[in-house]
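Guided by the hints, dock chains B, C, D and E onto chain A, whose structure is given.
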Amino acid sequence: MKFFSFFYRKNKYIEDVAEQGIEYTSYYQDSFRRLKKNNAAMICLSVLALMVLIVIFAPWISPQDPNAQSLKDALRGPSAQYFLGTDEYGRDILSRIIYGTRISLSVGIISQVLATAIGVTMGVLAGYYGGYIDSLISRVMEIFAAFPELIFAMGIMYVLGPGVSNIFIALALLSWVSTARLIRGQVLQLKQKEYVEACIASGGASFQIIVRHLVPNCISTIIIMVTLGIPGAIMSEAALSFLGLGVQPPTASWGSMISAAQSYISLIPLYSVLPGLAIIIVVISFNIFGDGLRDALDPKLKNQ
Amino acid sequence: MLLYIAKRLCQTVFVLVGITFATFCLINIVPGDPVQVMLEKRADPEMIQQVRHELGTDKPLPEQYINFVEGAVKFDLGKSYFSKEPVMSMLLRGFLVTAKLAAISFLFAVTIGISCGMLAAIKRGKPTDSFLMMIAILGMSAPSFWIAIILQIIFGLKLNLLPLSGLDQPLCYILPSIALGTRYAASIARITRTSMLDVIKQDYIRTARAKGVKESMVFIKHALKNALIPIVTLLGTQLGNMLAGSMLIEKVFSISGIGKLAVDSMTNRDLPLVQGTVLYIAVIFVVINLIVDLSYALIDPKIRYGKGA
Amino acid sequence: MIRDNLLEVNHLKTYFYTDEGVVKSVDDVSFSVQPSRTLGIVGESGCGKSITLLSIMRLIENPPGKIVAGEILYNGENLLKKNKEEMRQIRGNNIAMIFQEPMTSLNPVYTIGEQILESISIHRPELDKGEARERALAMLKMVNIPMPEKRFNEYPHQLSGGMRQRVMIAIALSCEPDLLLCDEPTTALDVTVQAQILELINDLKKKARAAIIMVTHDLGVISEVADDVMVMYAGKVVEFATVDQIFAQPMHPYTCGLINCIPSLDKEVERLSTIPGMVPSFNEMPKGCAFAPRCSRATQRCKENMPELIDIGERKVRCFLYEGKDTE
Amino acid sequence: MQKKILVLVCAILALISVAGCGNSDTANSGKKVLRMAAQDPQVPLDPQKHTYSHLLKISDQILEPLIIAGDGGQLKPLLLAEMPQLKDDKKTYSFTLKSGVKFHNGEILKSSDVKYSFMRLLTEGKMGNLIDMIQGADKLEKKESNDLEGFKIIDDTHFEITLTGPYVPFLAAIATDYVVIYPEQACKAAGNDWGIKTLIGTGPFKLEAYNQGTSVILVKNENYHGVAPKLDEVDFKFIQDPNTQVMEYQKGNVDLLQLDSALYPTFANNEELKKDMHSFSPYGLVFLTMNTQKISDPKVREALSYAIDRNAICQDLLYGTATPAKTFIPKGLLGYDEGAAEYAYNPEKAKQLLAEAGYPDGIDLVAQDNTKYPTYSKLLVAIQEQAKAAGIRITINQVDNAAWADMKHSGKMTMAVSNWYIDYVDPDGMIYQTMSEKLTKQNSNFYADPIFNNLLNTARATLDSSQREAMYKQADQILTRKDYAAIPICNETMFYLAKSYVKGFNVDSSYRYYFGTTDIQK
Amino acid sequence: MENEKHLLEVHNLTKWFPVRNSIFSRQQNYVKAVNGVSFSVKYGETLGVVGESGCGKSTMGRTLLRLLEATDGAVYFKGENILTLSKKKMKEKRKDMQIIFQDPYASLDPRMTVGDIISEPLDIQTSIGRKERTEKVLAAIEMSGLNPKFVNRYPHEFSGGQRQRIGIARAIISRPQLIVCDEPVSALDVSIQAQGINLLKDLQHSLNMTYIFISHDLSVIKHISDRVLVMYLGNLVEISPKQDLFTNSAHPYTRALLSAIPSIERRGTKDKIVLQGDLPSPLNLPSGCCFHTRCFMAKEICSQKKPELQQVGKEHLCACHFC
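Protein chains in written order, with the numbering used here: chain A, 1 to 304; chain B, 1 to 309; chain C, 1 to 328; chain D, 1 to 522; chain E, 1 to 323.
Since the hints were derived computationally from the structure, they do not count as laboratory data. Treat the hints loosely; a few may be bogus.
Computed from the model, here is a short list of chain C residues facing chain B with C-beta under 10 Å [to be verified]: (1) K13; (2) L59; (3) E61; (4) G65; (5) Q100; (6) V109; (7) S119; (8) H123; (9) M168.
Using 27 Å as the maximum straight-line C-alpha spacing, the simulated DSS-like pairs for lysine-lysine come out as follows [stated by the list, open to error]: (10) C/K205 to B/K221; (11) D/K499 to D/K230; (12) D/K294 to B/K84; (13) B/K126 to C/K24; (14) E/K149 to C/K287; (15) E/K314 to C/K267; (16) A/K191 to E/K42; (17) D/K91 to D/K115; (18) D/K115 to B/K158; (19) E/K314 to E/K242; (20) B/K201 to C/K13; (21) B/K201 to B/K123; (22) E/K149 to E/K136; (23) B/K221 to C/K82; (24) B/K123 to C/K81; (25) C/K207 to C/K150; (26) B/K59 to D/K115; (27) C/K267 to E/K242; (28) D/K275 to D/K32; (29) D/K503 to D/K522; (30) A/K191 to E/K95; (31) E/K42 to E/K272; (32) C/K205 to E/K272; (33) B/K302 to C/K82; (34) A/K37 to B/K126; (35) C/K267 to C/K207; (36) D/K388 to A/K72.
These numbers were taken from a predicted model, which means no experiment stands behind them. Note that the Cβ used here is the ideal one computed from N, Cα and C, for glycine as well.
Bound conformation, chain A alone (with noise of 0.2 Å):
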């Protein structure tokens, strides 16, 4: 139920109407409901806040520094001492695996707040106010979905340079279109509702408009939209990692791991497989959460 506090509408009327035992459902708590029935994706969540858990605690949690090296023991199979081998360096690969999970979980969460806030302002915006300003964000966005993604996001990493912080830039710059179609797709059907009319009928202005209906209307849209964008900037950042573009040495990262150990694959497999299991798992994870929580927002969107 904590969950969804923050979107709980402070209400008004619930001192001066004080009439005990009315029971009232929001929206949210509604959905909620619907969710927590989904055993799937319950499950998933709680391996995703196992995993913030993890990107919280990844000092105490991993057993050896990821960056430490000990050369003498590089390439080492299970052991005692290195519950799952040790790289090229000889650094201990499941420290660097959980230390991994901070820059995938970071990567996707706030690569995809980034887009969410760009997307949603240029939706609005586009599918608002019409005319020359949708005509302009509209041809940009065309310009923007004319790369495939992967073509994309390689371009802008070499021109920013590698680095956390321009895999944010990159994955935000890649994903926003899809929000901002989506968002503009929503605004346009909502600016035809009633009560948007009826917004207008009692002398609403277009910021009223925007922020009393618009926006809060849209709100399950963008969870959606970012539970189910983060899978996809995860494997993009993977995928950016594994040709090398991704995070500077000597940050571990799932794609930039895979990448090394393809050279040590018949070495020590457990090298190459065991990022590539992680990264299954945080994707699967938000996958089937985000699935569940659209099938409880907005069943609706299930085509897009």
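Only chains B, C, D and E this time, still in chain A's reference frame:
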């Protein structure tokens, strides 16, 4: 209909000009000079100047851009700074390789995806459905390059069944195609399922049943065709992404396709090649989108008869 | 006056199993239809009238819906005992159905002609292509579609709502069914078009000798097409009578309320009479008579016990008020 | 509608069939074909213009210089009847061409071809500096003249070359794979197709096909002027991924490949491969190059040297495929200081030096990493971690090859792991080509010690071997022990895998792959 | 002085929606939704607007309130042409005019509580204190026949009838003088519909409001209106006091409309007028009288000349050549 195509083409030209302009600007912002790469360790200023003059990169930027656009209109994208090969022929070579790979992966993804999606939709709520969708979400969640590596280890190395790299015999296509196609197959299966389930709820499906149409025909004749629109939309973007995503697979399987060309040209700042590759990929992307839009018309008479245009 | 029943529905129960609980959409409904007669089923939305029709066609989505009990005798044979293939042969051939939304009930990707032909080719496989086409065109003519040859190759979106409903009727009648089920066929149409369609249905009834079950919420429509009327409320039959009886002398308080709350074109009243409250949702269904909470004549007994459907002559009514009058 | 679908299906099927019909393996019945896994050079096969080692592995089979450096750097005439004679002025060499040497197109090798090749190298080639001490070379390069003054053609087989002054490494320089001789007519005629569609030399193999991006196919030169080659065909298959190369080797699809050092540990204990694994150590060095303007205090640079554990890097990171370097000039070249002390790993000493230099709390440095060379990236990561112990905090800044070249030439680079493999077997090729004042400006090093530069300039003109040796030893000492302008790290050992039936093949220390004497005996 | 009697006067109100055919064609097409409609509404009366779907009655209602910008014409509200008012002045005017929508699902923002929805006009128009606002909201809720404890609930928890009451409460909270009721009861079940109609009538009396009541249902129109305006394809075809219209309709369309309604009372009467064909597209209006394509009385003149509005009785106007 014709007007619609003409309108789309106009938009396309606009997008392409935007793309080349953006690419041109970007490559001139990116640090790194192709001439210095070409001359490697022995680059002294005179030499650099000389080569620049040869390549024409000492001209003012607007002139360079206009030259490029002029050439592009005449289907002449210039020659690679490095290999001296005409960019067009390099692209064609790379494209043929990647297109074959992507086409096979696409076919794999479409057949597997649509049939699994249909099956899941027909068996909705049953174990088959859950199982297929579990597989699908697994397939969607695994990075393709990782799948490629795993396939390589299992089928190429441990079982020694299939070739590991290159594309010089038909068997070579199997592993890269699967690695490339898996993700797309999974997402196609998912969208097919949801789209089918959506369509099945429609009134006209009930009408068909009320007419006494066989259940199998209800799915194949009445539902699938209507369900195709979101599927086709997805297929369009997927095919484009497949062409781009193949660069990871190309890396793993040592295939010299368009993806490798894109990466190499970027690392060398081989401007004509970068421009060419980007333009080429964008053109393909745009063409695919055009085909997708036109295929809507094939599927949906509303668009064919101009009402929606 | 004893007629053979073409269709006899006995104690039909269709329930929907949802997350929130069991919805008894059709709860112990019995009625019968005779050839060449029109039965009107009337009730507010959610009273189970459409579900009754879908149950007859056995087109209830399972899950969540399920026909739990009862029998549907068509020419003496229980449709609920038929297997899928037998049922499919009956659908569209012996029993046909028209739906409420002409806009969405036709498949948008096939031409009108293809959709009529499909029905013919399923149930009349002996006809060759040309004959089938002839027949389809004849059907289009029969439902008064102008320029049938042209329309034949058009897609549903090119037709107006009224035309589409005509096409639906043509499809339904293409195999000369004995029984035509109409699920609110005119609700989505404008009044002038509604009048056209009702006229068409009345015409066809005369020509085709088919029995019709007409489901609607509009008592006006009922009054124009039905011979018998069945009033449903919350999944149950509350009154059954001929059309003249119903309007001349409604018995059940719900029927009375329904008739009275429609603004009249001929009488002038200051205030409309209303039925207070609203239809109870399935999870707050009262223990006794479902209508009791809204009924001005309800007694304590109504609140606690569900009255039975009582026969009063040829009429039936589910209300304690008429207990003991069945001997009349 | 159905028809349209049918057409669509047909189109797709057609696509598959096209895809399916790749060129299947031609049956090599009885022919001796050597298949080598190689990296795609991505450029025309013209070693005068492009200098990648991937390219040389191919071009060395086709093209030949006048003189060849044998194993150990011993110069031998190849296209010459005898070694060139140095005249008394100490700067003029006279040459006699071996008679009857034919190019692949049947033309006879003439003096004019040699002159043409030299002039082409000077005007268009990348490695003109190898021969720019020929009289008039600078004028030619600056387009002030159309002729190479110092090159005198006497007749079709005789010519003389006059240098601007005494220059000892000259013969070694013209023995490199870049100073190859092209047929004048054919080369001019081919224009931009040279190295792509045609490439004609005098070597033991002829270029059959260069399938850009895919492969190169060479066939035996039946009219070779030397010992007839034993192989009928040499195929270079471009396989990008080193791991895939080995997998293909294991499957028997290639017979030879150079093993990526990263893969060494994977296969070092593989019994199957171990017996096919052969090592060679080309003359060269991996070193840390520093921008002496940005890291201007030699004490800091010295500290860095103390902070690197070369033994650990060589033994553990590089699995013994490298040995710690102690001099800039590698073993085997004149001027190598056998007695030089090994560099010590001493973080405490490093800290102390830093403190002396004014950094008691350690120092932050930026290092550039060229992503094109993963092995050196690896070294840098190891150095980064080791230097921490000495209080040197290194931030690695990954850049791609183009950005790297740009940074290097514009002086923006601060520190990088670099390498150098000699082009010609002479200490001059090692130390002058990297550390002379003229060149350090161009590679962001900016080292310009007058004594050091004087030593380099004198040594290349000194004919006396022992004097030269002393000078180079001294220069090396100044560079690596006093100023620490470049910090030697290690000398790499390289490996190639060759199937046991590949006979008569080895890679010498000038890093030359040569299949002229190779045979396949199954 | 005549003006004083009229709350609203509409002159030649026209609303055309441009339809973009393609970027290449210069020719602009229009959906001619409302074509030169003129009428007036007196203080405190209910003007019923009736017509089939697509006849432009909803568009007219929205154009009157400037929810859509009119293409041409003038709307005098209390003597002031509101179509030319500045945004700011218009905002003030909006206090006096409100709208109730047809769709009880689309007209309430699902993310707002009932209290927030109802108080929205207040929030936008005024800056009154919280207490006063709560009082007003609760008053409006009660007047609309809702339980005040619903104030914190969300719209999706209500039935259609209750939602429509919420919409009504929102419309009346700022005590407007004019309410445009756009098919307020047609989405409701019959038994609920009657409740809604009664509520609207009661409110009109107690708050002294003027209604423009749009509906396709003649029986509802008849019940609630004082005068009735009949529209066909964006044109006013007949306007008349209620009694006159229903007993003595002049326009053939009105007659057909009246006759088409299935009615319990008129059961069995055989003299129905069933119009043939469908409504023509508002993109290409028929020439002359727009009804001539379906009219059972059509003569040659009808396709050539557009009929003017003519007086046929007291306050009874009709646009037909034969009335």
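>> Output the indices of the hints that this structure fails to meet, ascending.
In response: Violated hints: 1, 4, 10, 12, 16, 18, 26, 31, 33, 35; rest satisfied.
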